[in-house]
Structure formats: structure tokens, C-alpha cells
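Enquirer: Could you put the whole structure together from the sequences, leaning on the hints where they help?
Protein chains in written order, with my numbering: chain R, 140 to 299; chain P, 140 to 299; chain S, 140 to 299; chain W, 203 to 637; chain G, 203 to 637; chain X, 203 to 637.
Read the hints as simulated data drawn from the structure, not as lab findings. Honestly, I wouldn't trust all of these hints.
Claimed, not checked - Some chain X residues close to chain G (C-beta under 8 Å, calculated; not the full set):
no.	residue
1	Y214
2	R287
3	C288
4	H311
5	G312
6	S316
7	L325
8	Y342
9	K496
10	H498
Backbone N, C-alpha and C define an ideal beta-carbon position, used for all residues, glycine too.
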Amino acid sequence: MAFDRYAVEQFLYREARLADEQRLDDWFALWDEDALYWVPCNEYDIDPTRQLSIIYDDHARLRLRVARITETGMAWTQEPRSRLRRLVSNIEIYDHPDGLVQTFSNFHLTELRVNRRDPVEWIGRTEHRLRPHGGDFKLAYKKVMLINNDHEMTQLSCMV
Amino acid sequence: MAFDRYAVEQFLYREARLADEQRLDDWFALWDEDALYWVPCNEYDIDPTRQLSIIYDDHARLRLRVARITETGMAWTQEPRSRLRRLVSNIEIYDHPDGLVQTFSNFHLTELRVNRRDPVEWIGRTEHRLRPHGGDFKLAYKKVMLINNDHEMTQLSCMV
Amino acid sequence: MAFDRYAVEQFLYREARLADEQRLDDWFALWDEDALYWVPCNEYDIDPTRQLSIIYDDHARLRLRVARITETGMAWTQEPRSRLRRLVSNIEIYDHPDGLVQTFSNFHLTELRVNRRDPVEWIGRTEHRLRPHGGDFKLAYKKVMLINNDHEMTQLSCMV
Amino acid sequence: MDMATRSSLIDYAALVKPDRVHARVYTDPDIFEDELERIWYREWVFVGHESEVPNVGDYRTGHLGKQPILITRGRDMQVRVLLNRCTHRGNTLCQARSGNAPTFTCSYHGWTYSCEGDLQGVLFREDFPPDFRREDHGLYRVPRVEMYRGFIFASLAKTGKSLQEHLGPAAANIDRFCDLSPSGEITMNHGVYRMRIECNWKMWTENSVDSYHVYQTHGSNVYLANMFEAKADKPPPPPGKGYFGLIHARDLGNGHSDLDMRPQRRVTGMTYTGEWSGDIPESAQRAYLDGLEKLHGKAKAEQILTEGPAHTVIFPNLFNMLQEIRWCVPVSVNETYIYYAPCLFKGAPDEINIARLRRDEGAYGPAGFQLSDDIEVWARNYQGLQAREVEWILMNRGIHQPVGRDEDGIPYQSDLSELTMRSQWRHYLELMSSP
Amino acid sequence: MDMATRSSLIDYAALVKPDRVHARVYTDPDIFEDELERIWYREWVFVGHESEVPNVGDYRTGHLGKQPILITRGRDMQVRVLLNRCTHRGNTLCQARSGNAPTFTCSYHGWTYSCEGDLQGVLFREDFPPDFRREDHGLYRVPRVEMYRGFIFASLAKTGKSLQEHLGPAAANIDRFCDLSPSGEITMNHGVYRMRIECNWKMWTENSVDSYHVYQTHGSNVYLANMFEAKADKPPPPPGKGYFGLIHARDLGNGHSDLDMRPQRRVTGMTYTGEWSGDIPESAQRAYLDGLEKLHGKAKAEQILTEGPAHTVIFPNLFNMLQEIRWCVPVSVNETYIYYAPCLFKGAPDEINIARLRRDEGAYGPAGFQLSDDIEVWARNYQGLQAREVEWILMNRGIHQPVGRDEDGIPYQSDLSELTMRSQWRHYLELMSSP
Amino acid sequence: MDMATRSSLIDYAALVKPDRVHARVYTDPDIFEDELERIWYREWVFVGHESEVPNVGDYRTGHLGKQPILITRGRDMQVRVLLNRCTHRGNTLCQARSGNAPTFTCSYHGWTYSCEGDLQGVLFREDFPPDFRREDHGLYRVPRVEMYRGFIFASLAKTGKSLQEHLGPAAANIDRFCDLSPSGEITMNHGVYRMRIECNWKMWTENSVDSYHVYQTHGSNVYLANMFEAKADKPPPPPGKGYFGLIHARDLGNGHSDLDMRPQRRVTGMTYTGEWSGDIPESAQRAYLDGLEKLHGKAKAEQILTEGPAHTVIFPNLFNMLQEIRWCVPVSVNETYIYYAPCLFKGAPDEINIARLRRDEGAYGPAGFQLSDDIEVWARNYQGLQAREVEWILMNRGIHQPVGRDEDGIPYQSDLSELTMRSQWRHYLELMSSP
Ligand code: FES
Ligand code: FES
Ligand code: FES
Ligand SMILES: [Fe+3]
Ligand SMILES: [Fe+3]
Ligand SMILES: [Fe+3]
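Expert: Here's what the structure looks like:
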């Protein structure tokens with residue numbers, strides 16, 4: 140294998156930590172310019188040109204998603220911020236064309252809001268594609284297959 | 140240690156993935172002929188000749204368990220199939236007699252049914268015994284200690 | 140890095156297992172004399188000289204915490220004992236001053252009581268500080284940042 | 203609004219008709235409350251088996267309706283059913299599922315009760331009024347507890363029919379279950395499946411004697427069986443109902459009923475040993491038969507083997523079949539706990555008892571090839587009733603056919619009549635309409 | 203207490219005033235039950251779009267109020283709305299969200315129904331009484347189902363106003379939505395956002411035509427937009443309401459209303475193509491316009507583009523705007539399911555349809571920059587009503603201003619009047635107070 | 203059914219007897235609703251401490267009964283209790299637990315209120331009727347708010363007894379708590395344990411002055427303490443109740459009560475400083491004592507130290523003891539939120555305040571060696587009441603003994619009488635039976 144397993148794992152953990160701790164500017168800085176942040180809707184695999192996604196962000200829209208929370212103070216879903224903590228596990232790593240490293244992993248993210256009695260749980264599988272970049276990685280692609288993407292759900296305003 | 144830790148972990152992740160994605164024929168193919176798939180009832184450690192188990196499948200019965208779902212179209216608990224995703228963690232690996240590799244790990248499996256509002260969570264600890272087999276492993280034994288095996292539970296039709 | 144990643148991970152898994160299986164005397168034996176077992180209240184980072192903690196145990200008080208359960212038979216919260224199982228994941232490891240190894244990890248602990256219908260879930264992030272000790276480690280410091288430490292919660296009588 | 207008022211508002215005869223029942227009897231929380239009062243807290247209810255508390259001081263906790271109970275074996279070897287509630291300020295006394303304890307001490311203020319339920323110790327007894335008598339504050343004993351072959355029944359009504367009267371001909375079904383043991387005794391302390399189902403308790407009771415659902419609900423098993431028989435070149439059963447058509451659906455009175463398979467077994471020649479003969483070594487089979495013959499004599503033993511165990515529901519909550527005792531506990535109008543416990547033959551060879559366990563695991567329990575689908579189908583049964591534009595549930599199969607009397611004088615129709623369920627509802631209507 | 207008694211106890215006129223409503227109409231479970239009876243199980247309710255079941259045998263499950271339904275396309279190409287409930291013992295028949303099936307077989311006892319709802323197969327039909335007729339036991343067909351441009355509406359009342367009467371001038375709003383497609387047809391089978399909101403359903407209905415909330419609830423979007431416009435050196439909109447002040451809030455009768463943006467669009471010169479022109483290649487724009495002109499003629503096409511889609515609520519549960527069809531399903535007094543489905547233009551270039559999807563994702567859905575905040579604000583709306591010391595919810599904005607008639611004769615006030623909500627409540631009061 | 207009707211149906215005198223109460227008062231949801239009306243939304247209720255909002259613009263959210271509140275410090279330095287509910291359409295205004303904000307802006311339509319609750323900004327004010335006056339739409343101010351030594355009490359009744367009248371002799375207990383601070387002031391802004399308990403709120407209120415439960419519920423602590431004392435060769439306390447028997451259980455009127463430990467302390471010679479002396483450096487102890495003597499004079503200081511803090515419940519929801527202020531909020535008939543906050547001495551050496559925190563952590567909070575068991579025992583208390591065949595909860599300890607008057611003229615019995623709880627129930631019956 141062409142990848143350093145430990146480095147890949149630590150990148151995934153770092154990404155998780157930055158998202159959990161709502162360090163969203165730092166989290167956004169992990170992304171490369173050709174970013175695709177994709178959360179399909181209804182099914183795990185859809186054709187995004189004919190079917191709806193929950194999130195289908197390129198780099199520009201992702202910047203807006205982050206800025207809405209960090210800059211406006213009016214993203215009510217995150218005012219006050221949710222408390223977040225996620226487990227990332229079952230990491231499987233593959234070589235991917237163009238020198239990318241592809242990983243699949245499962246996650247269990249708990250979201251707790253100050254004005255809600257019970258937490259919300261976000262559970263699913265993630266595909267990451269990492270681009271080696273100066274001894275570290277840039278995030279080129281993240282696809283999140285939520286287990287409940289075809290169930291009635293509440294709002295999703297944290298970075299899943 | 141006589142085992143390749145990474146290979147063992149990847150085997151466990153693969154097993155989890157095949158079960159989660161309901162690729163049951165592939166999952167079944169992981170098992171060796173002397174399979175024992177055991178889910179004790181009421182306690183973690185029981186004498187299966189005097190006490191009831193939730194599952195106590197040899198290879199033949201396990202084949203039936205899988206065929207019931209994949210071939211009959213009438214296993215209503217899995218029509219339509221559940222959506223599944225599990226985290227496998229805390230992997231501890233030991234040498235086991237007869238060249239087997241023994242692992243213990245904890246899991247958290249979320250099951251979501253199309254006709255249910257809320258998911259079911261299956262949580263517990265698993266003992267796997269793997270038999271090295273041509274650069275890979277065969278699954279000889281899997282014992283699943285469900286945390287709720289003495290609590291009133293719903294049906295268990297996914298591969299836990 | 141000065142630490143053996145695998146050994147550190149296995150120590151964390153062992154600690155989790157001893158706590159999960161309520162082998163509390165063994166669990167207590169993991170701790171070093173200068174132990175601090177800290178679960179902050181209300182926020183993740185507080186000044187414990189001015190703000191309340193949920194747990195702020197030195198070695199002596201921790202001994203009492205364990206003895207209350209193992210010796211008195213009257214710690215009703217643990218009579219009968221809870222069933223516990225936790226996933227420890229996202230392990231990040233750092234060198235720490237004085238030769239200690241510092242780790243951060245996320246956990247998801249499920250607690251099931253015989254006289255309760257539903258489990259309680261404890262979720263959060265843990266900082267461990269381990270002191271190398273004869274080929275193994277001693278636990279010098281454990282800080283548990285519960286996601287719900289500012290929410291109305293039930294009693295916390297297991298070792299989180 | 204108190205119970206009496208609430209209940210008098212419900213016209214049960216308008217909801218329970220001879221050939222159909224109204225969906226409301228399954229979904230109305232007021233009716234559920236009323237049932238607690240008129241059925242669960244008055245009638246004979248199955249609560250456990252004495253083999254669960256074989257020794258002095260043994261106990262098992264559970265529920266009678268929604269009330270927490272404690273089944274204990276006293277120093278006089280008597281089995282009692284006590285409310286698991288301290289008489290001081292009401293705390294549950296015992297938390298564990300089962301165990302052995304000479305006394306129970308309340309965790310609130312330390313009052314201590316004997317395993318017979320007597321109040322033994324009151325901390326600082328001297329602070330209580332002089333007319334405070336420990337004798338007045340023992341645990342509440344369910345006033346009527348009777349056993350039949352180890353099956354424990356309890357009734358919260360101080361007076362009423364005896365258990366024997368209540369069981370009537372259904373007692374013989376319990377006999378058939380126990381007589382298969384070479385010692386005449388079965389034990390129900392080998393684990394239990396605890397399950398929660400998402401439906402009203404009466405859907406469970408009905409389903410338990412509903413042979414009509416086997417073809418579809420358990421179609422996957424039929425499918426697999428046919429698949430194997432086809433491969434084995436075995437002759438398929440008669441088309442249509444197969445041998446099922448020979449079964450009798452019987453009305454045993456008091457809401458009890460069974461699916462009497464004896465007519466079928468006589469035709470197919472199936473015997474109890476034949477059911478598992480493939481798996482059991484010759485010697486164990488022989489030892490088992492010897493025991494049976496020794497106990498019953500050869501003729502009776504053969505009859506017992508041919509007739510096999512009964513498949514019977516004893517209203518409201520006991521279901522006895524094959525190797526299992528099953529019972530239900532109502533939780534709320536839309537949730538029910540069910541308990542399925544395999545029973546072993548005391549004194550039988552291990553191989554036979556192991557076969558009973560393995561068979562149980564294959565079909566029943568949360569992961570069983572049959573019960574798992576029942577659990578799903580029960581949930582669909584309850585969900586569908588939300589479609590309240592359709593008001594009635596049909597219960598009319600075979601209602602036009604004559605009701606025969608079998609050799610025991612028991613009313614029956616051929617299997618696949620809904621006679622069994624109709625007998626439950628007739629009794630239900632009586633109980634719910636009585637003053 | 204039965205529905206009639208319960209309902210007659212509630213004096214709705216005391217709770218719904220011209221300028222305010224009492225918090226209890228959102229929080230009282232008895233009122234919720236009453237609404238099911240008087241609105242959801244009587245009035246025309248939106249249930250889906252025919253493009254969801256384009257082919258024979260296609261089906262889609264859902265709910266009409268709380269009752270499970272099955273929308274099917276029969277072999278006669280007719281769309282039916284059936285209760286998803288087996289007529290035998292009540293089980294839900296079909297579990298999947300959608301699919302194609304020539305028949306539906308119940309998993310309990312195997313009764314089989316055609317996709318038109320006819321009972322086709324009864325296992326062991328011969329066991330049922332001779333007067334049992336399959337024709338009497340088909341799936342319950344919702345008695346009145348009508349479509350308008352593919353929008354399917356259903357009413358459980360056997361008689362009543364036609365859909366056309368019910369829609370009245372609101373039909374034209376649906377026209378505006380569909381006429382933007384170069385084929386005149388839209389398709390609603392490209393996925394759907396399924397969401398649960400923690401509030402009473404009427405809070406959703408109100409909010410959908412509440413333009414007052416845009417400034418604050420969606421302030422983050424305004425903020426970001428201004429930020430970008432500032433950077434782009436664009437002239438800011440007029441101060442205060444900006445161009446919003448030109449919008450008309452209209453009362454379309456029968457509880458329907460809209461925010462009519464045409465007056466605003468005429469002033470700003472915004473046209474439908476202009477809204478996305480940046481993203482779409484010239485050729486695709488041209489092809490789209492050509493299609494439109496071919497269908498409607500040049501003048502009408504230009505009018506359509508200038509007017510754009512409507513923003514309209516059709517009482518009680520349809521909300522049609524921009525590229526979306528939205529509807530709600532009441533779950534309980536404090537929970538509502540909402541479904542937001544983007545519609546694509548049949549026959550339009552892919553680039554245009556893709557742009558519709560991408561726009562949808564940006565603003566709506568659980569992670570949309572607008573809807574996510576609505577979801578939070580709805581929850582706060584319900585939570586606040588626990589402060590029951592304050593009894594009233596205000597609905598009086600613009601109530602003092604004259605109500606005009608626009609060129610279509612429709613009563614309106616300038617935008618940012620709460621006329622739209624008042625028109626909902628007036629209709630609500632009528633429905634809830636009728637005998 | 204409205205509240206008045208519902209309430210008039212309940213005969214509280216039949217449920218609350220001098221020596222026992224009926225289980226229904228803890229489990230009936232209608233009674234819970236009635237209590238909201240007659241106790242929580244009428245009587246003086248503890249809501250917080252002014253040290254939580256020391257500065258202008260500070261706020262803290264919470265609940266008065268089930269109604270969301272906002273405690274604020276206005277620009278006039280006055281503490282107000284406002285309903286956290288926008289007067290426009292009812293949204294909760296503020297979501298955070300606490301903070302500082304000069305104004306509150308509603309996230310729905312942007313109405314803005316000052317921290318005094320005045321409506322300051324209405325977006326597009328001009329669209330509202332001319333007779334719309336901002337003055338009429340300020341946040342609802344809880345009509346009566348009074349403080350006693352920083353303890354904030356609120357009453358939703360517009361008129362009634364003053365706080366001073368309400369507290370009566372219980373005020374002196376608050377004094378004892380505060381007088382231990384060398385500045386005479388305590389601060390309650392050092393974190394708070396937020397806990398949910400699975401029982402009716404009155405079980406918490408009772409337990410708080412129930413010394414009888416200490417031996418068993420907290421038996422693990424007694425056990426460990428004895429273990430250590432045995433090892434330390436200390437003389438064990440007198441057998442039986444030990445020194446507990448000296449405590450007075452007092453009835454302070456209006457439902458308030460305490461366990462007066464002063465008689466015990468006088469005998470054992472325990473003083474407040476002695477309780478922590480081991481841990482605190484000499485110099486800090488000296489500084490603390492100096493402060494106390496400076497404030498109170500030597501004699502009074504010594505009295506304060508000897509008497510120590512009170513252990514008192516002020517009905518319905520305040521419990522003040524050792525270093526803690528505790529209060530409860532009713533959530534539903536079977537759930538209660540409880541808040542336990544350690545208070546520090548303003549002006550005391552850090553070492554002493556740290557010792558207060560560490561002691562708090564040892565015993566209280568979700569992981570405390572005492573409170574964790576209380577939480578479990580409360581749940582068992584509620585669970586047991588499902589055994590409804592037993593109807594009564596006993597409250598008769600010591601009822602036969604004479605009631606004395608102590609030197610302050612306050613009725614008391616020796617400790618381990620249930621006088622304290624009986625005084626709660628007598629007051630409860632008065633409140634619930636009043637017209
Ligand atoms: S409640 Fe059992 S001893 Fe008081
Ligand atoms: S319930 Fe559908 S076939 Fe019986
Ligand atoms: S609800 Fe607060 S401003 Fe409208
Ligand atoms: Fe079945
Ligand atoms: Fe909105
Ligand atoms: Fe206590």
C-alpha cells in the first residue's frame with residue numbers, strides 16, 4: 140500500500156475533532172479547491188444530476204455554509220452551538236486514481252443542543268478522498284451516507 | 140505475536156461491512172465449515188447444553204438463516220431490508236490454540252427499518268476466532284454478548 | 140514519537156474493559172498514587188478551584204468510590220450492577236512532559252440497568268495521561284468531558 | 203374520571219360482535235385501563251412455574267398486569283406471589299430478576315421482610331405508634347395463588363372460581379405437556395426469551411391459536427422446508443392445507459382454546475420421538491422411552507407419544523406448545539412483553555433436552571426463524587389500525603360451519619376456523635360487560 | 203368521550219379571534235383530534251403528484267392525516283388512494299416507501315389485492331361463509347380523489363365541493379408552477395426531503411406564507427447576500443423592506459393564500475431565466491426558451507417568465523413555491539412531518555434541471571441555508587407556548603389597513619400584512635365550528 | 203375539561219390523611235396539572251440567586267413550573283423574572299442557559315426587548331395598527347418577585363402574602379446559611395448539578411427532610427465511615443441512631459420544615475470549622491474566623507459556628523443545607539429536574555471555598571456518594587407505586603408522640619419523626635382544597 144495508515148487515520152481523527160469542536164474555519168481549511176462535500180438524500184447512491192442531495196457543496200458553497208455559522212450570528216440552528224462528539228471507526232483504506240487515498244469509515248455522531256432535552260444521533264458511513272499535500276493531506280471529497288437519509292429527520296446544521 | 144494486526148482488523152471490518160450492507164451470501168462465505176455463531180441469552184456466559192441461546196447456529200443452520208432472507212422473500216422482518224451500520228472498536232487480539240487468532244471487540248450497531256420511526260441499537264462485545272486461510276482468514280467462531288440479552292427486546296433478524 | 144502506539148491503545152482498551160466488566164479492583168490498580176480522575180461539570184474546561192466538578196477524585200477518594208461499590212453492598216445505584224459496554228475511538232497520542240504519554244479519545248458508553256427499560260448513554264472525550272511503568276503504564280490522570288455535563292442527567296455511578 | 207365511570211361509558215357489546223371486533227378494542231387507552239381492572243387484576247393469570255423457585259428463599263420478580271410482583275419459595279416450601287412494594291412508603295423492594303434471599307431489605311429506610319412476605323424488621327420500631335403492628339404491614343400477598351403441575355396462577359380477586367374450575371378441560375392440555383417427561387415433571391429454569399412487541403396484548407393472544415397465519419407469516423419456513431423436501435425427493439403433502447386441514451380448533455371454555463393436532467398426528471403417524479429422531483442417538487431414545495413406559499405403562503406411553511404436546515392458550519396470557527411455556531404481560535395499549543421459556547424434561551437424557559433447546563432456538567426467540575416474523579407482523583397489525591376509516595377486524599372464518607363435539611365432548615371446528623379467537627372474544631365480552 | 207361530545211365542548215370562536223388566536227389551538231391534544239375529524243378526514247388534502255406513479259403498478263405509501271395510505275396507478279391508468287390496511291384483520295399491507303407491484307399480499311394471512319385495491323386472493327376462500335363476497339372486502343378507497351395538473355388531492359368525505367371549487371383562484375398558482383416547464387409538465391420523482399418538526403402543523407402552514415419572518419429567521423442569508431453585494435459594489439435594495447414591500451399578500455378563499463410577487467417582479471424586472479442565468483450555458487437557456495415559446499407562444503411565454511412561479515399555500519397542507527412542492531402530515535399535537543420535493547421540468551435541458559436541484563439543496567432540506575433555521579424556529583415557537591400565562595398569539599399586522607382587490611378581483615394587502623394567516627384562521631374557524 | 207372542573211372532581215381530603223397519603227397524589231396526571239395551577243403558578247417559588255446575575259444585562263434562563271423564564275438584572279440593577287416568550291407569536295426568546303445581553307431579539311421576526319423586558323424594537327412597526335402600543339407588549343413580568351438575602355422567589359399570583367410572611371421562621375434558616383460567610387454574602391455562580399429524577403416532585407420534597415432514610419439509603423457511607431473509624435480506633439457513636447436522635451424535626455409553617463441539628467451539635471461539640479479543619483491550613487482558618495468575628499462580634503460568631511448551616515426545606519421547592527442551595531422543577535407527574543448548586547463564601551480564603559467544592563463533589567451531584575443513591579431510590583419509590591393494590595404511603599412515624607415547642611416557639615418532635623413531611627402534606631392539602 141502506498142499510504143501511511145497511521146497518518147491517514149490521524150487525519151480522519153483531526154477532521155472529526157475540528158468539526159466536533161466547531162473550529163469551522165480550521166475545518167474548512169482542510170479542504171482542497173476542488174472540494175465536493177456530498178450527503179445524498181433518500182438513498183446511498185444516486186445520480187446527483189437527477190436526484191436530490193441533502194448537501195452537494197462545492198468549495199464556494201461550503202465556504203458559505205461555514206460563514207453562515209461563523210460570521211453571521213444568525214444561523215439559529217447553531218445559536219447557541221451544538222455540542223458534538225463523534226466516533227470514527229472501521230477505517231478501510233485504498234489507493235485511488237490520481238494519487239488520492241480513499242477511505243471508508245463508519246461514524247456515530249451525537250449532537251446535543253442546549254434547548255433540547257435529548258441528543259440527536261447521526262450515524263452512517265463516510266467515503267473520504269485525501270490528496271497528499273506537503274507531508275499532510277487535503278480533503279478533496281467527502282461523501283456521507285446517513286443511515287436515516289430516507290427517514291423523517293430534524294435539521295442538519297453541524298458538519299457531519 | 141503471531142498475527143498481523145492490520146490484517147485481522149481489516150477482516151473484522153470487512154465482516155462488519157458485508158453484514159451491514161446485507162451482502163449475506165458474501166458474509167456467509169467468510170465462515171468455515173465448523174462454524175459456530177453464538178448469541179447467548181440472559182447472560183454472557185452460559186452452558187448451551189442446559190441454557191437457552193438466542194442464536195446457536197452451526198454451519199447448516201446458519202446457511203438456512205441466510206437463505207431465509209436471501210431466497211424466500213418471505214422473511215418479513217427483512218422485507219424490506221433493514222438499513223444497518225455498526226462501529227467495531229476496542230479490538231484486542233490473542234493467539235488461540237490450533238493456530239487460530241482470537242479477537243475481542245466492542246460494537247454498536249444501528250438498525251433502521253423503513254416502517255419504524257426510531258432505530259434499534261444493538262450493543263455488545265464479540266469474540267471472533269479466525270483461522271488463517273491462504274493469506275486471509277476464515278471465521279470459525281463468533282460469540283456475541285449483547286448488553287441487552289436479558290432485557291425485553293425486539294426481533295433480531297440482522298446479522299449481529 | 141516516543142510511544143508505542145499499539146501498547147497505548149491496548150492500555151486504553153484494557154482500562155475500558157475492566158471498567159465495563161466492573162472489575163473495579165483491577166481497574167483501580169491501574170492508577171498511580173498521584174491520580175486525578177476528573178469529570179468537569181457544566182463546561183469542558185473549568186477552574187476546579189472556583190467551579191464545580193462532577194468528579195474530582197484524588198487517589199484516596201477514588202479508592203472510596205470503588206470500595207463503596209465493591210465492599211459495602213449498599214451502593215444502590217450499582218445493586219444490582221449495571222451492564223456496561225463502551226467504544227473507545229479516535230485515539231490521538233502525544234508526548235507529554237515528564238515522560239508521560241497523553242492521549243485523547245472519544246467514547247460511547249452504554250449502561251443498562253436491570254430495573255430500567257432503556258439504557259443510558261454516556262458520550263464524550265477523554266484525556267488520559269499514562270506513565271510508563273515496567274513495560275506497561277500507570278494511569279496518572281483521566282479527564283472526561285461528557286457531552287451532557289450541562290444537561291439534566293441521571294446518576295453516574297459507573298466508571299466513565 | 204374514576205374507573206367505574208369510565209368503564210360504564212363503554213358499550214362492549216357494540217364493539218365485540220360474534221363475527222368481528224371493532225379496532226377500538228385494541229387501540230383505546232381507556233379500554234386498556236378497564237381490562238387491567240376487569241381481567242388482569244381479577245381473573246386467574248399465569249405468572250410463572252414453580253421450577254423457577256425450587257429452593258427455600260428462591261425468588262423471581264415479574265409483573266401481574268402492571269403491578270410488580272415477587273414470586274417466592276417460603277421456608278414452608280410454599281410458593282407465594284407478593285407485591286414487590288414496600289408497605290412503608292412504596293418502594294420496589296427487590297430489583298434483580300431472580301435469586302435467593304432469606305429476607306428482602308428495602309433500600310429506602312431498611313424495612314426487612316421475610317421471604318414469606320412478613321415484615322420482620324423495622325428500623326427504630328420504637329418511633330412508630332404503639333398500635334403499629336408489624337403483622338399489618340407485611341408485603342401484600344396476592345390473595346389467591348394456585349398451581350397446576352407447577353404452573354403458577356394468581357388472582358387478585360379475594361374470591362372466585364377455583365383454578366381447577368377455571369382451567370376446565372384445558373388442564374388436560376397441561377397434562378399432555380408434562381406427561382411427555384419421563385419423570386412427569388418439566389423444568390422451566392433454562393433461560394427465557396424476553397421480548398417486547400409493538401401491539402396490543404390481545405393480538406398476541408389471538409395469534410397464538412391462529413393457524414391461518416402459518417402459511418403466510420411463516421411462509422419462509424414453508425418455502426425452505428419445501429425446498430429441502432423437493433431436493434430429498436420426498437412426496438409433498440396434500441395440496442392446499444396439507445395435513446393442517448385435519449387439525450381441530452377447539453373451544454375449551456372460559457376463553458381457553460387449542461389447536462388439537464391429534465387427529466392430524468393419527469393420520470400422519472407422527473409421534474413425539476419421530477419429531478427429533480434424526481438427531482438423537484439410539485441409546486438416548488431408548489432411555490427416554492423406557493422412562494416413559496416405566497412411569498405410564500406401555501400403552502399410555504405410546505398414546506402420550508402419539509398425541510404429543512398440546513398447542514393451547516389459557517386465557518388471558520398463557521400459551522403452551524411444543525417445548526415452550528409462553529406468557530404475556532400487558533405494558534400499554536400498544537405494547538406487550540412476551541416471555542418464551544423452553545422447558546426441559548426432568549430425568550430425560552441430556553441429548554433429548556439439548557435437542558429441545560436447539561429446536562427452540564431455531565424457531566422461537568427474537569432471532570428464531572418463526573417468531574421474528576411474528577414480531578414484525580404483530581407490529582403491522584397494530585400500525586394498520588391507524589386507518590380508522592375501516593372500523594372492523596374480521597373474525598368470521600368458519601363461522602357458518604357446524605360446530606362439532608369431539609370425543610371429549612368439546613366443541614370444535616376443523617382447523618382454519620377462527621373459532622379459537624371467537625371463543626376468546628366471547629369470554630372477553632362477558633368479563634368486560636359484567637357489572 | 204366520543205368525538206362529537208369532545209368537540210362540542212370546545213368553543214372555537216373564543217379561541218380564534220380576528221386579530222389573534224389562543225395558544226391552546228396549537229397545544230391541546232383534544233383540538234388536534236378534532237382537527238383530524240373535521241379537517242384532515244373531511245376536506246381536500248394534498249397527498250402526492252402523479253409523476254410519482256407514472257406506470258401501471260407503481261405505488262407510493264404515505265399518510266392522509268394519521269391514516270396510512272397507498273397511492274397506486276391501476277391497470278386502467280387511474281390513480282387511486284387506498285387505505286394501506288388489510289380488510290381481514292387490519293395489517294398494513296405495504297411497507298416500502300414506493301415501488302412497482304401488480305398485487306399486494308398481506309404478510310399476515312396472505313390476502314392479495316390488485317393494484318386497484320380489489321381483493322383478488324383469499325387463502326382458503328372456502329372456509330369463509332358463503333355470503334362472504336370478495337367485492338365487499340377490497341381495500342378502502344378514499345371516496346374522492348381528484349387531480350389538478352398532476353397534483354393529487356384526496357377527501358375522505360363521500361360528498362362535498364369539487365376540487366376545482368375548492369381550489370378556486372389558487373388553481374392558477376399551480377398553473378404558474380407548471381407552465382414554466384417547456385412541456386407544461388413537471389415531475390416530482392427526484393427525491394424528497396423528509397423532515398420532522400417539533401411543532402403543531404398549523405405553525406408550518408402559517409409560516410409558509412409569512413413574509414415577515416424572512417428578515418430575521420433568514421437573517422443569515424440576508425447578511426451573506428449583503429456581504430457579497432457590498433463586495434460586488436452593487437447598489438443595495440431600497441432601505442427597509444427592500445423590494446419586499448411590493449409583494450401582495452392575497453386571500454384566495456377556502457383558507458388558501460399566496461404571496462404574490464408579480465408586482466415586485468414587474469418593478470425589478472426579474473424574470474425566471476434571470477434567476478439562474480449565471481450558471482446555465484447560453485445554449486440550454488435558448489433551448490428552454492424555445493420550448494416555452496413553442497408551447498405558449500412568445501407573448502404568453504414572456505408573461506410566464508416574468509411572473510415566475512407562485513408562492514402559495516393551499517389549505518391545509520400544500521405549499522407550492524419556486525421549484526418545490528411541499529406538504530405536511532400531522533403526527534401529533536406537537537409534531538409534524540414535512541415533505542419538500544423539488545420538481546423538474548419535463549423536456550427541459552439537463553442544465554436547467556440540475557440548477558433547480560442545486561438551488562433546492564442550497565436553501566431547503568434539513569441542511570439548507572434557510573430551512574434548517576425554520577426548523578429551529580418552529581421548535582422555539584412551540585416551546586414558548588408553555589409560558590401559558592400569556593394566552594394569545596398575535597395575528598394583527600396590517601389588519602387596520604384597507605383590503606384591496608387586485609386585477610383578478612382577489613382581496614389583498616401589501617406584503618407584510620398577516621392577511622394570509624388571518625385568511626387561514628377564518629377558514630379554520632368555519633370548519634371547526636360547523637355542525 | 204377545564205382546570206376548575208377537573209380539580210373540583212378530586213377530593214384531596216380523601217387522599218391526604220394525617221398519617222398517610224394515597225399513592226394517587228404522586229401518580230395521577232390530573233393532580234399534577236392541578237398542582238401547577240394551585241401551587242406552582244400561585245405560590246412563592248424559588249427560582250434562583252441574585253449572584254447568578256450580578257451585573258447589568260446578566261441573565262439566566264430557567265423554569266417556573268413548566269413555564270420558561272428569564273431572570274435578568276436591569277439597568278436599574280433590579281432583578282426581574284420574565285416569561286421567556288415573545289409576545290408576538292410566542293417563540294422562546296433566549297436559548298442559552300445564561301449570559302449577558304443588553305437586549306433580546308426574537309429569532310422569528312426580530313422583535314427586540316430590553317433586559318427589563320420592555321419591547322424596544324418592532325420590525326416595520328408602521329405595519330401594525332395605530333393603537334398598537336409597544337408598552338402593551340413587553341415580556342410578561344412575573345407580578346411578584348422578592349428576594350431574601352439574595353434568594354429570588356417569584357409568584358405568579360398578583361396578590362398574596364409577602365415573601366417575609368411566607369417564609370416566617372424559615373427566614374432564620376437562610377440567615378444561618380449566609381451568616382457563615384465572613385462577608386455575610388454567599389455566591390451561587392460556581393456551577394450547578396443539573397439532574398433528572400424519575401419520580402414525582404413531592405418525593406423529592408419529602409426526602410429532603412427525611413432523616414430516616416440516611417441509615418439505609420446512605421448505608422454505604424455509614425459503612426465506609428465506620429470502617430475508617432474502626433481502623434482509627436475512634437469510639438463509635440452511641441448505638442442505634444447515634445447522635446441523630448438529638449436532632450429536632452421542626453414544623454416551620456406554610457409547608458416549611460427543617461431538621462434542626464443545633465441540639466445535636468451542642469452535645470457533640472461539633473462546630474462549623476471543625477468539620478473541615480483537617481484540610482485547611484491554619485492561616486486560612488484564622489483569616490476566616492477573623493472575618494466572621496469582625497462582622498458579627500466574637501460571641502455571635504461563635505454561636506454561628508456552633509449552630510452551623512440549617513437543613514431546611516422551604517415549600518414547595520427550595521432545599522438549603524450544608525454548602526448547597528437545591529431546588530426542583532416539576533417536569534411531569536413522574537419526572538422532576540433538580541438543581542444542586544454549591545455556594546461559596548464571598549470574601550473567604552480560597553482554601554475554604556475549595557474545601558466546600560470538594561466536599562460537595564464527594565457527596566452530591568450525579569456521581570456523589572450520597573446523591574447517586576438517592577436518585578436510584580427515588581426511582582424505586584415511583585416504580586413501586588405501580589403496585590396499586592396497596593393504596594397508601596405511610597407517614598406516621600412519631601405521630602403519637604407529643605409535639606414540643608423549642609426555644610423559638612416552633613413545634614418540633616425528636617428527629618426521626620415524620621413530622622416534617624406531615625407538615626408539608628398539611629399545607630399541601632390546604633392549598634389544593636382552597637376554592
Ligand atoms: S419505603 Fe421501604 S422502608 Fe421506607
Ligand atoms: S390481516 Fe391481512 S390477511 Fe389477515
Ligand atoms: S414571534 Fe417573536 S418576533 Fe414574531
Ligand atoms: Fe406465528
Ligand atoms: Fe422560512
Ligand atoms: Fe438522601
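Enquirer: Take the hints in turn and mark each one as holding or not.
Expert: Structure-based check of all given hints:
no., hint, in the structure
1, Y214, "23 Å, violated"
2, R287, "4 Å, holds"
3, C288, "6 Å, holds"
4, H311, "5 Å, holds"
5, G312, "3 Å, holds"
6, S316, "18 Å, violated"
7, L325, "6 Å, holds"
8, Y342, "5 Å, holds"
9, K496, "46 Å, violated"
10, H498, "42 Å, violated"
In terms of the numbered hints stated before, the structure departs from hints 1, 6, 9 and 10, listed from lowest to highest.
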